[in-house]
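Residue numbers (the numbering used here), protein chains in the order written: chain P, 1 to 269; chain Y, 270 to 606.
Hints are supplied without guarantee of correctness; some may be wrong.
[Claimed, not checked] Using 20 Å as the maximum straight-line C-alpha spacing, the simulated SDA-like pairs for lysine to any residue come out as follows:
| no. | chain 1 | residue 1 | chain 2 | residue 2 |
| --- | --- | --- | --- | --- |
| 1 | Y | K468 | P | P85 |
| 2 | Y | K468 | P | S127 |
| 3 | Y | K468 | P | E139 |
| 4 | Y | K468 | P | R144 |
| 5 | Y | K468 | P | N124 |
| 6 | Y | K468 | P | T121 |
| 7 | Y | K468 | Y | A458 |
| 8 | Y | K468 | P | R137 |
| 9 | Y | K468 | P | E141 |
| 10 | Y | K468 | P | S140 |
| 11 | Y | K468 | P | R131 |
| 12 | Y | K468 | P | A105 |
| 13 | Y | K389 | P | N124 |
| 14 | Y | K468 | P | S108 |
| 15 | Y | K441 | Y | L307 |
| 16 | Y | K468 | P | H122 |
| 17 | Y | K468 | P | R136 |
| 18 | Y | K468 | P | D143 |
| 19 | Y | K468 | P | R120 |
| 20 | Y | K468 | P | V126 |
| 21 | Y | K468 | P | S123 |
| 22 | Y | K468 | P | R134 |
| 23 | Y | K468 | P | L130 |
| 24 | Y | K468 | P | L132 |
| 25 | Y | K568 | P | H224 |
| 26 | Y | K468 | P | S138 |
| 27 | Y | K313 | P | A105 |
| 28 | Y | K389 | P | P85 |
| 29 | Y | K568 | Y | F584 |
[Unchecked claim] Stretches of chain Y that chain P covers, calculated by requiring three or more beta carbons in the stretch to come under 8 Å of a beta carbon on chain P:
| no. | region |
| --- | --- |
| 30 | 455 to 467 |
| 31 | 488 to 494 |
| 32 | 526 to 536 |
These are computed hints drawn from the structure, not numbers from a lab.
The C-beta atom is built at its ideal place from N, Cα and C for all residues, glycine as well.
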Amino acid sequence: MMQAQDVQTASSPAAPLLAVRDVSVVFGGIIALNGVSFDMQHGQILGLIGPNGAGKTTLFNCLSRLYQPSAGDILMEGTSILSRPPHRIAEIGIGRTFQNVALFANLSVLDNVRIGTHARTHSNIVSDSLRLPRVRRSESEIDRRVHEVLGYLDLEDVAHVMVSGLPFGTQKRVELARALATDPKILLLDEPAGGLNHEEVHVLGDLIRRIRDERKMTVLLVEHHMGLVMSIADHVVALNFGRKLSEGTPAQVQSDPDVIKAYLGSKHQ
Amino acid sequence: MAAAQEVVTETPTVEAPPKRAMTLGYGTSLALLGLLALVPLFAKNFIIFQMTTLLIYALAVLALNILTGGSGQFSLGQSAFYAVGAYSSAILMEHANINYALTLPISGVICFAFGYLFGKPALRLSGIYLALATFALATAMPQLLKLGVLEPWTGGVQGLVVDKPDAPFGLKMSQDMWLYYFTLAVSTAIYIFSVNLLKSRSGRAFMAIRDNEIAASAMGIDVARYKTLAFGISAGITGVAGALGAIAVQFVAPDSYTVTLAISLFLGMVVGGVGWLPGSIVGAAFIIFVPNIAESISKGLSGAVFGVLLFLVIFLMPHGARQVAMFGQRLVGKLWK
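Work the whole structure out from these sequences, hints included.
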């Protein structure tokens, strides 16, 4: 075991934090993903791009265990995550946001972010009903963490507001706060720029970089917005029709003729 | 794939009013408790008995509120849990000579187990289908209680007669009054526990599931576990209410626990405000007193009058008593200025 790790360390600069290995997903005869492989290194911002229907969200949902790959494996720090049920993904350090914002609409910002700490805390219905001293301690620890995250994302002012009443951009920030509250090693962001205006996208890009640098997180960014991906990603994986089309630095992927063809279509048809 | 995506964008099945608070402030709560504690001193035994019934139904409505308002699961089968609680208590008192007060926690535990186990297969159902499954349970329960094999314990169609407890410690208090204070103490304790629960990590897990199951799961919440727990807790509290009910009316019989009771409790929850625990007592008052009011208006058409009154309530305040409370709060706030 140790030896195997050593060999891996020797061959690449560092063992990958997350390894996607030949993952395929089939939905009733439709191949949504076909043997996709890539690695995510510690501290990387990895951009996953591709036209509509390329399989980005499918892959994303494999990582958060909503879909079961029909073949292949996904390794987090060398251990397969595929035997874990979806609710046991947060505890190994994978946090996510959703494409169309999936907040708890009837709860306050505070409660939404508190729920983010669920996987990192413990309690049972008896101790919670009796509000035992250890529940009080745990609750104040939760609040301390939640307020730190709210402060970080500048959400303190709306802490007590119900999320359904907030503007879309703020809701997206609340979702990010909720994901940060899970204290993840890997942050999965599903189209975070969707629905944001030019200015907001720019701010978002800075924020994602800051989160990576200051909170030591690794980020997987699934995104349509090319400008955002190309400006902040260290590494880009391009998908098309469920296959990996290209991989490399943003510049490499951007100049790859296959990628250009997939996005713009061929010049000579 | 489509199913999973639909759930993500699904609007919550339970519409909550535009304010988060699930409880009253300390001051209001204490004032209400004080009022409830004082009234019997100036009331006749019959009124005291009605107030006991009010508290018992409020407890049952509260239990449903935790399930539906808290975890977003529907139930039209609460009468089944109420019946199991009532019978457990009656059987323990009459056949095992167990003290009435001790039968309450036992009934609660039995009903918790029953609800928890029912919640397991019910996990596969949601929304209106879950309501139908629980409805089936409520329909089946009276007949199950009449079964010949159970007759030595349940007394079959005849049911069981229960002795009314005297006030303990030589207190000079009528049986009705003692039972009222006993019920008030039990209900207050359960109300406090419920408020604690809903404000805690477990309660937030319930509400997360209510609002978005997929996101809840991504936050590490074991959706199946918390859904069955919510069923268990709701059934357990309903069971305690049933046991108190058996002690109060001194009698259990299968046909006291028909699906009508389940629907009444559901009605009480809606009138009180889904997800607003203090509304439970308002909802209970509605299901106990409004039929009487309807009857006093017109004996022959009491059902129709009740229907009209119910329609008015739903039409004028779709969020139930909570809406009135919020309106009152704003009004007081304005007058204060």
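Okay, the hints, checked on the actual structure:
no. : hint               : in the structure
1   : Y:K468 with P:P85  : 27 Å, violated
2   : Y:K468 with P:S127 : 12 Å, holds
3   : Y:K468 with P:E139 : 10 Å, holds
4   : Y:K468 with P:R144 : 16 Å, holds
5   : Y:K468 with P:N124 : 13 Å, holds
6   : Y:K468 with P:T121 : 15 Å, holds
7   : Y:K468 with Y:A458 : 16 Å, holds
8   : Y:K468 with P:R137 : 14 Å, holds
9   : Y:K468 with P:E141 : 15 Å, holds
10  : Y:K468 with P:S140 : 13 Å, holds
11  : Y:K468 with P:R131 : 10 Å, holds
12  : Y:K468 with P:A105 : 17 Å, holds
13  : Y:K389 with P:N124 : 19 Å, holds
14  : Y:K468 with P:S108 : 12 Å, holds
15  : Y:K441 with Y:L307 : 16 Å, holds
16  : Y:K468 with P:H122 : 15 Å, holds
17  : Y:K468 with P:R136 : 11 Å, holds
18  : Y:K468 with P:D143 : 13 Å, holds
19  : Y:K468 with P:R120 : 18 Å, holds
20  : Y:K468 with P:V126 : 13 Å, holds
21  : Y:K468 with P:S123 : 13 Å, holds
22  : Y:K468 with P:R134 : 15 Å, holds
23  : Y:K468 with P:L130 : 11 Å, holds
24  : Y:K468 with P:L132 : 13 Å, holds
25  : Y:K568 with P:H224 : 68 Å, violated
26  : Y:K468 with P:S138 : 13 Å, holds
27  : Y:K313 with P:A105 : 47 Å, violated
28  : Y:K389 with P:P85  : 17 Å, holds
29  : Y:K568 with Y:F584 : 24 Å, violated
30  : 455 to 467         : holds (count 4)
31  : 488 to 494         : holds (count 5)
32  : 526 to 536         : violated (count 0)
Against the hints set out earlier in the document, violations occur for numbers 1, 25, 27, 29 and 32.
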